[in-house]
Amino acid sequence: MSVLVYTENWDGKFKKLSFELLSYASQVAEMLNTTATALSIGKVEASELGKLANYGVNRIISAEGEGLEVLDNQAYTRVIADIALKETATVIILSNNNTGKALAPRLSVRLKAGMGSGVSRLPLSIDPFVVLKRAFSGNAWAHVAIQTPVRIITLAQNSFDVIEKNAGAAVERITVQVDGALMNTRVSDVQKQSGKILLTDADIVVSGGRGMKSPDNWGPLVELASLLGAATACSRPVSDEGWRGHEEHTGQTGKIIAPNLYLAIGISGATQHLAGVSSSKYIVAVNNDKDAPIFESAQYGIVGDAQKVLPKLVEAVREMKTR
Amino acid sequence: MKILVCISNVPDTTTKIKFVDDNKKLDITGIQWIINPWDELSLTRALELKDDPASGVRTVTLAHVGPATAEPTIRKALAIGADDAIRVNAEPDDAYYVAAQLAEVVRTEKFDIILCGIESSDHNGSTVGGMLAEILDYPSVSAVSGLNVTNGQALINREIDGGREVVTVPAPFVAIVQKGIAKEPRIAAMRGIMMARTKPIKVVEPTAVEKLTGVVGYELPKPRAACKFIDAENPKMLIEILQNEAKII
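Line order of the protein sequences matches chains A and B.
With this note's numbering, letter number 148 in the first sequence gets 323, and the count goes up by one each step, no holes.
With this note's numbering, letter number 191 in the second sequence gets 174, and the count goes up by one each step, no holes.
Any given hint might turn out to be false.
What the hints assert, rightly or not - Listed below are several chain B residues computed to face chain A (Cβ distance under 10 Å; list not exhaustive):
| hint | residue |
| --- | --- |
| 1 | Pro(-6) |
| 2 | Gly13 |
| 3 | Trp16 |
| 4 | Glu31 |
| 5 | Asp105 |
| 6 | Val111 |
| 7 | Glu142 |
| 8 | Arg147 |
| 9 | Arg207 |
| 10 | Cys210 |
| 11 | Ala215 |
| 12 | Glu216 |
| 13 | Asn217 |
| 14 | Pro218 |
| 15 | Ile224 |
It is worth saying that the hints were derived from the structure and are not from the lab.
A quick note: this is a predicted structure, and the numbers were derived from the prediction, not measured.
C-beta atoms are modelled at their ideal positions from N, C-alpha and C, and glycine is treated no differently.
Excised from the complex, chain B in its bound form:
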């Protein structure tokens, strides 16, 4: 059984976000790039499954759509333990475009389980995984918070409002993964970092696909008014303000 983990390259989550070019482009000066947190959790779970001989999972491959500057992030994911990687050499600036490129990767290489993070921390789209499944005509399960595989049979937890369901779908399928899938992201060990240097990253050129959307600009959230402090000895005052001034309780 083969697992594909799709990864995005995103600014570190503590980055102070700024824009340039009349607020049309992200200012990338000094940004640390990381594996999108949900993709990192997907990768961790995929590797846990591969470690379990009873799962039937044999290989974990990475797919990424992005320019060569993303390679350090791909190497980091290889160091964590993925076997190999495929990078589609293109700017990932429209979800449909990205999904269509990933679909080509899947058609060529064939996988049984495809894992996508439920969103990326930069565009917060929650779109690529579902789009990929529809392009391929594969079943998809979204909000996946647990994945168990025994002898190639997958049992999936999916979050629903106020609870969860245990579901199955036939492979190949796309699982769109959220928190809970793995406890903590796996960290690369020194041995992994050494081995990652020689692991293959296959670079493929993009296929021509029409883009459906485009970002025309960004804006920063308006700064909030300064905090009004209330005496710790008199929290009653806070309740009165919330009731009479803010009128929200």
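Just chain A, same shape as in the assembly:
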């Protein structure tokens, strides 16, 4: 019996998301009175792998093998499932990000393991094994009982605090061979934005809606974001109009985020928008309509025109920085 946590790497690097997962996994292991093992797949430098030891896991397995530089869902599922079986893992934890969403359901079938997805807290109980997950697009929480001996959890991003604790885990390297017949994904092109804070990783998000009036008015919003070390986002009408790229759309059908601070500028706060941001720790809204629904979800608000308020916010943050 053990807890296995898959920690993905991004071009050979780990990030906060990985450390959240490890912290969560070691807490789950504690609840079950067992150990936690981190699993990394693909080529990662020893110094980077060493970082995984700082968040409470007892073992670190680094699996390398031919063809694993491309995420093929079938191949990766096989690698994780085989290691889970070998380690007799009873709980397997992945992120609820794109990769976790691609792999966890396949693993669930392969291991006949029930799955709780988008989980944001430690299990509510161990016997029966019940997890709390997002339901009805943020309008409710569901308590889901996982009825199988092996369980899979995908953890919502930014939902669990990083806990530093070194249990002295050393890196164990293994080589895996995956049946070539399973590797069917061919990548013919990759486009990546560089230098930008990813929306799903950001602690602070500054987001603009229709109240920004025109794509030409985004200057102060971007400046405010950059001063705060924040990512930029937008509401659906803004991305539908092409004012901002669709990768910035937060809301039910766009990105679901949970930053510490969500600053909504000129966003009225339709149910579908709130579905994507309601897990934020703080929501702060600037809107010229005092009856806008966004104020029902916000802790702090300013009733005012975005164009007038934004430059003053920029000025205030700049002043704060110089103090």
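With chain A's structure known, arrange chain B on it following the hints.
Frame of chain A; chain B shown alone:
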């Protein structure tokens, strides 16, 4: 080439969610039911491909696991333009159970491309598509934001953290679809609504499959404290509160 679009029947996204039976069941009083938004986008893209003679796509079929009460939603999807539909007559209350029923549909009818929405707006599971692929031993591509098909060859855009990749997998495959796959959902025209009345919905009984999970209850999010308003002439005050009171910047 045949496309299967899997659809869920979900409460309208503006529904005020309430529960009954000691918070164990959704209160369905007055709920408007709709096609799950991501499934609607998948359907739209499938129909766009069918409209393009160069794609090689000939038919678009719907699959749904749910009771007869879901038929208006299936009819709506037929009115938008799908050719026919298969409904598995069962309660869709566990993702694995649903995926296993869909797998039976695929085994019987055979499709080249299977489209599933990345999540449903009710259970937000993001599970059925991947499970279906693993049961069938098919390749799957998740977070698909673009699908082009030329003479039966599919080119897929998949979203990755901070970017996207263009990938190919051999058919048959499952594409798990997100925003971007189609610009806007296609709307049923009057002609489509008339034609949908006579399009076939085949009803099949479920196969016996063990469920892996069960919802034991729901809770509503705690209401947030009332908003504190700050004078629009003095936004500096807000920054001070965020720094000193909330301590988040």
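These are the hints, each one checked on the structure:
no.	hint	in the structure
1	Pro(-6)	7 Å, holds
2	Gly13	15 Å, violated
3	Trp16	13 Å, violated
4	Glu31	17 Å, violated
5	Asp105	6 Å, holds
6	Val111	7 Å, holds
7	Glu142	6 Å, holds
8	Arg147	6 Å, holds
9	Arg207	6 Å, holds
10	Cys210	5 Å, holds
11	Ala215	3 Å, holds
12	Glu216	8 Å, holds
13	Asn217	8 Å, holds
14	Pro218	4 Å, holds
15	Ile224	6 Å, holds
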